[in-house]
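Chains as they are written, first to last, in my numbering: chain A, 1 to 325; chain B, 1 to 325.
Simulated from the structure, these hints should not be mistaken for lab results. Hints may contain errors.
Note that identical chains are pooled: a pair holds if it fits in a single copy or bridges any two copies.
[Unchecked claim] Cross-link-like lysine to any residue pairs, in silico, SDA-like; alpha carbons within 20 Å at most:
#	residue 1	residue 2
1	LYS93	GLY166
2	LYS93	LEU111
3	LYS93	ARG110
4	LYS298	ALA135
5	LYS93	ARG165
6	LYS67	HIS104
7	LYS93	GLY113
Predicted model only: the values in this text are computed from it and were never measured.
There are 2 protein chains.
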Amino acid sequence: MRIAIIGAAGMLGHKLALRLANEGMLAGKAISAMLRHDVVLSPPPPQAAFDVETHIGDLSSADEASKLVGWKPDLIFNLAAIVSGEAEADFEKGYRINLDGTRHLLEAVRLSGRSSTQLVFTSSIAVFGAPFPTAIGDEFLTAPLTSYGTQKAICELLITDYSRRGFVDGMALRMPTVCVRPGKPNKAASGFFSNIIREPLAGHEAILPVEDAVRHWHASPRAAVGFLVQAAAMGGASLGNRRALTLPGLSCTVAEQLAAMERVAGSKATRLVKRVPDETIRRIVSGWPQNFDAARAKSLGFSAESTFDEIIKVHIEDELGGNIS
Amino acid sequence: MRIAIIGAAGMLGHKLALRLANEGMLAGKAISAMLRHDVVLSPPPPQAAFDVETHIGDLSSADEASKLVGWKPDLIFNLAAIVSGEAEADFEKGYRINLDGTRHLLEAVRLSGRSSTQLVFTSSIAVFGAPFPTAIGDEFLTAPLTSYGTQKAICELLITDYSRRGFVDGMALRMPTVCVRPGKPNKAASGFFSNIIREPLAGHEAILPVEDAVRHWHASPRAAVGFLVQAAAMGGASLGNRRALTLPGLSCTVAEQLAAMERVAGSKATRLVKRVPDETIRRIVSGWPQNFDAARAKSLGFSAESTFDEIIKVHIEDELGGNIS
Numbered sequence: 001m002r003i004a005i006i007g008a009a010g011m012l013g014h015k016l017a018l019r020l021a022n023e024g025m026l027a028g029k030a031i032s033a034m035l036r037h038d039v040v041l042s043p044p045p046p047q048a049a050f051d052v053e054t055h056i057g058d059l060s061s062a063d064e065a066s067k068l069v070g071w072k073p074d075l076i077f078n079l080a081a082i083v084s085g086e087a088e089a090d091f092e093k094g095y096r097i098n099l100d101g102t103r104h105l106l107e108a109v110r111l112s113g114r115s116s117t118q119l120v121f122t123s124s125i126a127v128f129g130a131p132f133p134t135a136i137g138d139e140f141l142t143a144p145l146t147s148y149g150t151q152k153a154i155c156e157l158l159i160t161d162y163s164r165r166g167f168v169d170g171m172a173l174r175m176p177t178v179c180v181r182p183g184k185p186n187k188a189a190s191g192f193f194s195n196i197i198r199e200p201l202a203g204h205e206a207i208l209p210v211e212d213a214v215r216h217w218h219a220s221p222r223a224a225v226g227f228l229v230q231a232a233a234m235g236g237a238s239l240g241n242r243r244a245l246t247l248p249g250l251s252c253t254v255a256e257q258l259a260a261m262e263r264v265a266g267s268k269a270t271r272l273v274k275r276v277p278d279e280t281i282r283r284i285v286s287g288w289p290q291n292f293d294a295a296r297a298k299s300l301g302f303s304a305e306s307t308f309d310e311i312i313k314v315h316i317e318d319e320l321g322g323n324i325s
Numbered sequence: 001m002r003i004a005i006i007g008a009a010g011m012l013g014h015k016l017a018l019r020l021a022n023e024g025m026l027a028g029k030a031i032s033a034m035l036r037h038d039v040v041l042s043p044p045p046p047q048a049a050f051d052v053e054t055h056i057g058d059l060s061s062a063d064e065a066s067k068l069v070g071w072k073p074d075l076i077f078n079l080a081a082i083v084s085g086e087a088e089a090d091f092e093k094g095y096r097i098n099l100d101g102t103r104h105l106l107e108a109v110r111l112s113g114r115s116s117t118q119l120v121f122t123s124s125i126a127v128f129g130a131p132f133p134t135a136i137g138d139e140f141l142t143a144p145l146t147s148y149g150t151q152k153a154i155c156e157l158l159i160t161d162y163s164r165r166g167f168v169d170g171m172a173l174r175m176p177t178v179c180v181r182p183g184k185p186n187k188a189a190s191g192f193f194s195n196i197i198r199e200p201l202a203g204h205e206a207i208l209p210v211e212d213a214v215r216h217w218h219a220s221p222r223a224a225v226g227f228l229v230q231a232a233a234m235g236g237a238s239l240g241n242r243r244a245l246t247l248p249g250l251s252c253t254v255a256e257q258l259a260a261m262e263r264v265a266g267s268k269a270t271r272l273v274k275r276v277p278d279e280t281i282r283r284i285v286s287g288w289p290q291n292f293d294a295a296r297a298k299s300l301g302f303s304a305e306s307t308f309d310e311i312i313k314v315h316i317e318d319e320l321g322g323n324i325s
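The whole structure should be built from the sequences, with the hints applied where relevant.
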């Protein structure tokens, strides 16, 4: 089985490569080769029993997509995207990377005639726009309120149509917000959901720009990688003609996040969270989904963490070697 | 007010041009010029108090879209599309005409900086896919089961995002099936809904390929043109951030269509309908929407015919000079 990961330099792409290298197989089939692709250099390749190639290239050029499909992947994970804030700030770049990149890839697969090629695409809960019900069900309409969400919703439609036509075996996974995100604090509006846990656990202060009552939808990086692998093993046909799937997550408030951190790491951690209200972030976050009823994904066997304590423990195990300062 | 009609050679495009020529104004503003655009030659221009230009060109080339926007329309009706059957038979042509054409147009308007340009786009109930509720509401998900429906759903998303960003003032109108369609019988799977009325009223036989119990969603050509004009007069801002609107129609069965024809034209008309079951058409039609709750459009003041008798009378008035044979 030949596996290509597009967006391999990103946090999820790298974790996915590590997991596949570690397991050496997927869905009972041995992995024979891996291609890691990104517009920037990916991290050093993982130790693996199979060949790992690393390419740098821009998928938003049609040639690059053809070259990638010419590598003859049996399975493609397309995780490449520019984030919501950047897609809003740079309209043309957003459409070029987040829409045209995936369309070129679909076209390259179609034109290759390799119709059994699997494509696992990371969509987003940003395909949904307010007003929302208490919990967003599997049949809620996709009415995005950002260009990023629009681009993801369009990719879902394309993947569904190309799959229905038999040109590819695709699926689009609507990921929860990944939390606790490792690495440095970033300026994404959603960054604080991770910052307020990751930084105090490392002994550093973190800024909380919204009220403690703000509710959001989370899953750990480990769960997110698990979704990708499980979806690939399941195959797109199990989704029939609706190839976009809302994945399970944990709906919890900032207050619940902080209470979990206090249980896991004591008040010396929670005392490091400084409340500095930011009206801009508060307004952006107020338009985000807070809770889902991911019944379809659950019935297909997907599951995420059920408490924020678990999410914190995953972070401590996977990022901090089991220790907190 | 300068008005461009793309798809002006089509049935709706031509009727729209006639109505605008006849009224000379829209939303209280005098029409100063009209550009009729299509990939084939449009019918002879209507008598009008303003200049009517007629262009032949292919909007699926980006240059053509720029040229059209260079004409400086204040309002663009984009009715151009290849139909469902052709978009399914010719995958590349469908995406080129039905998706890229509209995207080029949106890009040309964005790059022109003429952000007050109004765009009224004809979407379709094909954006919806089974399974359906008894009546499809305004918040039902867009999960199309055809490439045509996929292309229309993507255009809805693009128009909504370009409008939200302030690049254009767009709206996407989900038209009911237009019935009674004038002209010759065509091979579209939906053609029989019109054939079984139009042909008998002209003294000719017509084939009914499905059961009398089949239910569908109709509006007259006059109502459809009325929707276009009314939507343009209203402007896209009245739709807020959800720029796709399901329009009202009449949900009725083939049996109800035929009963109405018998009331209007007697049994000499209904006797001309020959039942010749066609398994292919029966299967296609079984996946189509049957009924909607177009509450949002109604609350905005849109209305369609409320009985099929009215739809037949409109046909007799508009196409047969008030007489039936």
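Taking the hints in turn, this is what the structure says about them:
1. LYS93 to GLY166: between (30 Å within a copy, 17 Å between copies)
2. LYS93 to LEU111: between (25 Å within a copy, 15 Å between copies)
3. LYS93 to ARG110: between (24 Å within a copy, 15 Å between copies)
4. LYS298 to ALA135: Within one copy only: 15 Å inside, 28 Å across.
5. LYS93 to ARG165: between (29 Å within a copy, 15 Å between copies)
6. LYS67 to HIS104: within (11 Å within a copy, 27 Å between copies)
7. LYS93 to GLY113: between (29 Å within a copy, 18 Å between copies)
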